[in-house]
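Numbers in the working numbering are just positions in the sequence shown, counted from 1, shifted up by 69.
Quick caveat, the hints were computed from the structure, so don't treat them as lab data.
Since the structure is predicted, the reported quantities are computational estimates derived from the model, not experimental observations.
DSBU-like mimics (lysine-lysine), calculated; alpha carbons at most 30 Å apart, straight line:
hint : residue 1 : residue 2
1    : K71       : K153
2    : K81       : K153
3    : K151      : K103
4    : K81       : K151
5    : K71       : K103
6    : K103      : K153
7    : K71       : K81
8    : K151      : K71
9    : K81       : K103
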Amino acid sequence: MKGQDFRIRPEKNFIGRSEEMHIYLPGDTAISRKNHAVISYNPQERNFFLIPGDGVGLVYHNNEAVYSPVELATYDLIQMGKSKFIFIPLCGIHFEWDNNNLVEIDKEAL
Numbered sequence: 070m071k072g073q074d075f076r077i078r079p080e081k082n083f084i085g086r087s088e089e090m091h092i093y094l095p096g097d098t099a100i101s102r103k104n105h106a107v108i109s110y111n112p113q114e115r116n117f118f119l120i121p122g123d124g125v126g127l128v129y130h131n132n133e134a135v136y137s138p139v140e141l142a143t144y145d146l147i148q149m150g151k152s153k154f155i156f157i158p159l160c161g162i163h164f165e166w167d168n169n170n171l172v173e174i175d176k177e178a179l
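All chains, please: the whole structure from these sequences, using the hints.
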């Protein structure tokens, strides 16, 4: 999985080892098959949250166990099982994707 990217879509993105998951992480048997964690993207507010799943294992955000939703910021560390990931969003408060076209947000309005 080194160097691999994972696309996060609007709404909830379920994470696990099962091919049924939105974010499929094969190979790390310490990650639950289904719903180890969730990354949610809210397109109206343009923010991301890491949410613990209902799997047995814990998920960590910047080395702290996650027990309730936590907002993600650029370069946050996400750990689950024996795997580590860096969160690098390609949309957010200053820009968003609309029908596969980049839409710049008016910074004066923020």
